Amino acid sequence: MSQIKIANLQKSFGDFTAVKNSNLTINDKEFFVLLGPSGCGKTTTLRMIAGLELPTSGEIYLGEEEVGMLRASERDIAFVFQLFALYPHMNVKNNLSFPLKMQGYSRSEIKTRVEEAAKLLRIDHILNSSISSLSGGDRQRVALGRALVRRPKAFLMDEPLGTLDAEFRELMCLELKKLHIDIGATTVYVTHDQLEAMSLADRIAVMDGGEILQADEPAVIYNKPATKFVASFIGSPGMNFINIDQGISNEQSTVNIEGTDFNIPKQYEISKSKKNSFGIRPENLSLTNEGGLKGSVFGVEYLGSRKIITVKTNFGEIKVKTNISTSVKINENVQVKPSNNNIIIFDGETDRSLKSEFMN
Amino acid sequence: MDTSRSYLEPSSFSKKLAATIIIVYTVITLIPISWMVMTSFKNVNSAISYPPEVFFEPSLEGYVNLFTNRSRQSQEYLDSLPPPENWYEELVRSREMVITGPSKFLGRYSNSMIIGFGSTFASVFLGALAAYAFSRFRVPLKDDLLFFILSTRMFPPIAVAVPIFIMYRKLGLGDTHLGMIILYTVVNLSLAVWLLKGFMDEIPKEYEEAAMIDGYSRLQAFFKVVLPQAMTGIAATAIFCMIFSWNEYAFAVLLTQFNAQTAPPFIPTIIGEGGLDWPAIGAGTTLFLLPVMIFTIILRKHLLRGITFGAVRK
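Protein sequences, first through last, are from chains E and F. Here the first sequence stands for residues 10 to 369, where the numbers follow my numbering. Here the second sequence stands for residues 566 to 879, where the numbers follow my numbering.
Simulated from the structure, these hints should not be mistaken for laboratory data. Source: prediction; values computed, not measured. Every residue, glycine too, gets a C-beta built ideally from N, C-alpha and C. There's no promise every hint is true.
Quick list of the computed label-pair ranges, beta carbon to beta carbon [stated by the list, open to error]:
1) F:584 / E:63: 28 to 38 Å
2) F:716 / E:144: 18 to 28 Å
3) E:134 / F:575: 32 to 42 Å
4) E:22 / F:801: 28 to 38 Å
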């Protein structure tokens, strides 16, 4: 197992730049998730680490070794594909032993390793089955097994749960996490599903438009997003933004919206723009009768333990997560007010969050 | 109303109709072939008798005549010979002839085998490599190249017979096995590339990527992972290539005489004494039909889809 480091990594396909000047350090034994919408460059980054794509420029280090230009077969990493890519003309056992055969292990060594991996993944009873007879979950386990037998330096996974149905996905999510704890392997995992990312990751890197916007622990990504995109992409629903047509100065602690003064955490940074955004998560808002932003109820979503109420205001639709007892009617006039000080001001020019008492 | 079946399924009437059409069609196609096989087991007289004999006493005379050269002798000479050693000598003598030696059929037949299988293997092998490259790599001018490859089939191959004849004479390839294998491979290759490219495109590239991650080179991944999955396409392509090179007549007449002559130009030269020896011709064509038939039956199971089904979720 080893650390993975990418430095100034760039990949272009013709005129299109898929990955822009990226820097990342993935620690040894870490479960690291690359998260972003489709086309953000996360899979390209993973494929470059694997050696399935060669970088246009920049370096990739596996442990101490620079591997950027090495072939996939020379890197000693394992890759779990979204579509599993199990060899259909071989049975489960042969799929598992395929990577070992190349490395010239003895017959008995291959047998032990295959059985060991099969036992760990609880697929020892289907070793002689053909791939086409397996369920989605079992195929996923075999794909993991094929990655596991070789004891590679790192595991790379490209949306491995993407094709499973909801029930299996939850189960495999748990199994993956447990497997990672059991074998302690450096893992890079690509997904567009933020819930999957939050539940699996030690650290998450959020990507958009080929750039890594923020790489940190899930709680930090959620509570202290570095950019507006991260704030809106993470969380369901994402963060609310209210446009404020005023600059932010140092030490400022209130903003005036529609004639009402709202307290914000004490700001430590001067905004570059005169048009900034006031960002707040739905659960940090509450409905009130006075002293808030005026609006009318546009929609109510019932989530079992919570309700999400969409309020139409002069600043667009604002989503409020309330407890179940709140009862409002569609088109009812309400006011929306922050219930605590977890407010982030985003600079209108750079989309980055400004430093404040909260965002220290 | 019958509600036991889905609306998408054909009704039992249309199923029966389809079956009837298929049976009628099969019978019509099989009549000439079964007539040919029957002729090969007739004797010279019953082969040309009128009205045609559907029930007859089978004889191996056609096959004996196919494999031997014979000469007609007087009854006195035949009586002076020692008694026949085996059944076919006896059969020949009953027609007032003696066997003077083996015919050229076996040689021509094995030429057909060498050239047919040789060119089929070469077309499929080269075609698979080219199709894989066209399917996976960024080949400059890919579309133009593919069109160029296809364009070699836009005229009948025999249209270039004269230049090929002259080229082959200069190169010393005329009447050689190698020359015929090259020629048939060239003609078949465009078909092979196009057919196989379609099949290669269907194979997700994740398979060879997985193999490369597992430590195999691209070429090893091609042989161990891609080719086994392209078996359906390879089988279909091989059958088409085999049928063409096995049946090809015009170039074989033009370019081969002795050394590399294949069976198609040879069979029409089987002419008997005083009239066409139909049983021998029937025997020749029956034997000629067998290899392609066996080849197709062997590869048939690979033609059935389903080997790769379900291993990748699309």
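Evaluated hints:
no. : hint                      : result
1   : F:584 / E:63: 28 to 38 Å  : violated (57 Å)
2   : F:716 / E:144: 18 to 28 Å : violated (48 Å)
3   : E:134 / F:575: 32 to 42 Å : holds (41 Å)
4   : E:22 / F:801: 28 to 38 Å  : holds (34 Å)
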